[in-house]
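K.L.:
In case you want the letters, here they are:
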Amino acid sequence: MTYYIRICLQYLLALFAALTVNFLLPRLAPGDPLNSLLGSDNVSTMSEAQKQEVLADFGLHLPLHEQFWNYLTGIFHGDFGNSVVLGMPVWDALMQRLPWTLLLMGLALVISTLIGTLLGILSAWRRGAVADIATMTGSLFIGSLPPFWVAMMLIIVFSTTLGWLPSFGAYQLGTSFPNWNWFLGVGKRLIMPVAALTIYQSAAVLLIARSSMVMAREQDYVTFARSRGVSEGKIFFKHAFRNALLPLYTHVMLGLGALVGGALIVETVFSYPGLGSLVVTGVNSRDYLLLQGLFVITSVSIIAANFLTDLFYPLIDPRTRRAG
Amino acid sequence: MSQAYVNTRGFLAPASTLTGKIQWLGLAMLAVIVVLAVFAPLFAQFGPRELSCTPFEKPSWVHLFGCDDAGYDIFSQVLYGARVSLFIGLLVAAISTAIATALAVMVGVYGKWVDSLVMRVVDVILALPFMPLVIVLGVYFGASIQTQVLVISCVMWVSPLRELRAQILALRSAGYVEASRAMGAGATFVGLKHLLPELAPLIVPQFIRIAHAAILVETSLSFLGLGDPLQNSWGSILFHANARAAFLTGAWVNWIMPPGIAISLTMLALAFIGFGYDGSLAPRLRARKATQPEKPLNAAPKAGVEIAAQDLHVVYDTEFGTREAVRGVSLDLRRGELVGLVGESGSGKTTISLAILRLLREPARVTRGAVYLGENDLLALDETGLRNLRGRRLALVPQSAMNALNPVLTVGHQLDEALSRNPDLTPAQRRERALEWLVKVGLEEKHYRAFAHELSGGMRQRAVIAIALCNTPDVVIADEPTTGLDVLVQEEIMALLLDLRRTLDLSILFVTHNLPLIARHADRLAVMYAGRIVDEGTPKDIRLHPRHAHTKALFDNLPGLTEAKRWPAADLAQLDQKAPVIELRHVSKRFQPFSLFGLGGGVPHDALTDVSLVLRPGEKLGLVGGSGAGKSTLARLVMGMLRPTDGEVLYQGKDIAGLGAGARKVMSRAVHLVFQDPYQSMRNGMSIRDVIAEPLRIHGIRDRAAIEAKVASALEAVQLPADGEFQSRRPVQLSGGQRQRVAFARALVMEPAVIIADEPTSMLDQSIRMEIVELMEDLRVRFGTAFLFITHDIALARHFCDRLVVLDRGRIVESGSADDVVLKPSADYTRHLIAAAEPEAAEAGEWQAAQ
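In order, the protein sequence lines correspond to chains C and P.
So the first sequence is numbered by the numbering used here: it starts at 1 and just counts up by one.
So the second sequence is numbered by the numbering used here: it starts at 1 and just counts up by one.
Source of the hints: derived by calculation from the structure; they are not laboratory data.
Every residue, glycine too, gets a C-beta built ideally from N, C-alpha and C.
Don't take each hint at face value.
As the list claims (entries may be wrong) - Computed beta-carbon distance windows for the label pairs:
#1 P:L381 - C:F141: 38 to 46 Å
#2 C:S44 - P:T147: 56 to 64 Å
#3 C:L24 - P:D69: 38 to 46 Å
To be verified - Computed list of lysine to aspartate or glutamate pairs in DMTMM-like fashion (alpha-carbon distance at most 20 Å, straight line):
#4 C:K238 - P:E417
#5 C:K234 - P:D416
#6 P:K565 - P:E774
#7 C:K234 - P:E583
#8 P:K665 - P:E583
Hey, can you work out the whole structure from these sequences and the hints?
P.N.:
Right, here's the structure in full:
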């Protein structure tokens, strides 16, 4: 019980701190905030009255603590202000793009976990054999390819040269949900970005899965089980795997935290309308209300994911369960 | 890479292993790339911004990668780009690792509150999205190389910190840290002299990891166009390629591929180097094809013998050569017998028990021998046949039950799994039988659902016994089943095994180093030494007529409890006339677990209650009791490391508490604690000279000549060589007994009034126990030091000490002269301890008490 209370408090604290940092971050930018907002060229041509008007629009004329209070209450109402570059409320922009990012990252996470775990376990099963060494060197190699470069190469091969897959956007323009064509379009456009992400992530999962299986297999309880005549298969999948699950779980759940904010580079290469590419747009156009909203939503999801990780950890590791 | 592989021999594995080859390959690749980058002007004909060709020119010998759309040579761009990416990547790695190391050491030195603060900052940073954060900060503070480096470093120190911190937290509870603090070292001393050197081997792996990640981050940033516009890193090249539609022309082959390959090769090089630092990644040397052991010439099953091991030879293949662990051992176990296989560490006894069950893993190998279980040669049997026998006819009861039980499965689950080997039982029947067995071994039915960590050491061992025996095998091999348990619990487990042997008609091969325990109960003993059986026979036989010097040494080291004292006791009347050095008056110590606003607090633990004792100059006082009795707490109170909750601790008549902050300085000079485990209490990275000199350095003595002199004389006093060669050795190179002597040498340099010896012989082999106690007596005579001898071994205590004090759960239940306490015990607990040491003595004692 006290374990849960403790982690609740811990995460609430982290959440509050993250929100505060998010609030302060844009305001830390050196120079006149107006320059960041509108670009220094524009600002130099504005009159004092106009400047004050803009400041008032953004609530920047208020004292800091009032701004902070508005900011906090605004979050709970889903009011993040208006995006300058997109011309719509930030919240709407975020909600419009969120599903696409979740789709992309979610698929990548699931697929890379499955592939990585499977191959990692098989590798550990055949430890020291040629297949194992090949798999490991293979993952080291693949894990060294920069995802954005892999993305570019994929486009070159499958889009430009072979013309099999479209290379930008999330869905075929002109189609609409829930048309079959729409689904087809979405599917085709997911293949390459998901591939780029999955390739990179599987390598890490594979190495962790293999490493934890190898270590689990060397434990004394495996020797004891063997002495009782338990079959090698059972030892591997029941005894070793259940223990190897722990570090694997932690790693995968960390990936969960990156779900919302993680696909930045790949989304940009594919012009995929997710939250990641929105960050780049926001940065390039100095739309800091947009950025603030993005940061808040990513921070919250990271914290939520970490919280869930800790919440469910006792389920798989009895050692952390408390009586009652 | 969560488990750090600490290669103490160097930063890279030796080139002869596969791991080493991969690491060296990585290093070579990195070196080539660095050279190309540094000497770019030599290798590149043109500058990266030099208009040297026509736009989109195809690759040729002059322009290896052709040119981009503005007419710049791509090959030059790649070479010069290496400078930027490498510089940023390696610099970020250096800065991040430095920050992480500094913080980790601070956590180690200052402890809890710094740790909380640092981890809260870490939590917040981790809650912020990494790339967006770097991008935003980069944009705000300008896109120059300097800000890039700073910004990326500010975010990337978190990851190495977590790894280093985990290591530091583990190190803080290391034996040598405890020893250092016991000697009066402050937190800073410990941090700089112990924690930092131990952390050093981990720093390079972290550096490599961060460099790997930092290069990826830097190239990603430049790819997004957010890098320094004046510098052309690899990412920038790709940015321009992307922006200027290299896709649409055929230029992608020579424009997009080379920079990407360059990045990949660099990261791969770093990955190869970092490869060796995760121990589990390192594949074993090519798995040898399992060879069948040679069958000895006259191998044949023997009638009436359950297990007949014949001419067993086992070797270990190490990188230093092949070591023979078992050399021609033949052993018989008859039906219903209890045979004790006795030997010290390294004698080969555990190897034999595993060899019989064919549980040996690489690098151990059975080269010769036959083991007959009835008619079958276990060593020649196929896997299926072997598995059939395991658990049903032949069982292993292992030691160290914490690790023998799977931590994530319940006891009941593992019992059920064992019982399912019997296909005739239904699930309901299995459960019934499992519960029966739990009760049979002395546990309760509710323990079916318990996990290993919820049970005490003794209970875990019982659970292990239940799991091993629930299919009623005929033969049991018990490998040190009582080691590590409290002395009274050992007796209970032994009694359980004997009882089960009787009711189930088992034949038991009992492997142990605890000679007195097994000598009392075994039908036959086999003594092992250096891989051979040197003596065999009934316990009585062997004791009275030992054939081998080692056997004799073993028995000599077991003084009978009631024999004449080996070391003379001091004249107590005379002793009592001297003023006490240490005195405890009605001391109590209660531990209150920390609770935040009443949450999370545990049950307060009364370690000591109303303890009073006196230690006079030159006296030998024995403190006896089982685990949890409070002996260690008492030791720490005497040293001033803990404050009593009640009562006073006096040194030379003055209350320690009155000394305030200076108490530790004074007491650490006056009282020295020699630890139980000589393998933990000294750091392997220090030379013997430094180990012994540590107390001198802690107390500010810097003069080299003085230190040399004191170290040399201390070594002589403990009868170890005092020459430079010996002093330069590391603890790893010494045996357990030698290390404990070094520990005593360390105790002497400050000439303390009192030496507290906390179980100084319990981790050592039996044959050298006496030597160490002899050494203690010698020191007492020479220097007049008083000894507080803490032990659970009442026999040893009686022989060495003048007086004994018996502690049971924090209270003194008996005290008096050694002879009085042992020969005429008045407390029940004392009688239990005596019975555990020697049952006959207990009976004699009771007879005497009844008189």
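K.L.:
Are the hints correct? Go through all of them and say.
P.N.:
Do the hints match the structure? See the list:
1. P:L381 - C:F141: 38 to 46 Å: For P:L381 and C:F141 the Cβ distance comes to about 43 Å; the hint holds.
2. C:S44 - P:T147: 56 to 64 Å: Because 25 Å falls outside the window, the suggested range is violated.
3. C:L24 - P:D69: 38 to 46 Å: holds, 42 Å
4. C:K238 - P:E417: holds, 11 Å
5. C:K234 - P:D416: Within the cut-off at roughly 14 Å; holds.
6. P:K565 - P:E774: holds, 13 Å
7. C:K234 - P:E583: violated, 60 Å
8. P:K665 - P:E583: holds, 18 Å
When held up to the earlier numbered hints, the structure conflicts with 2, 7 and fits the remainder.
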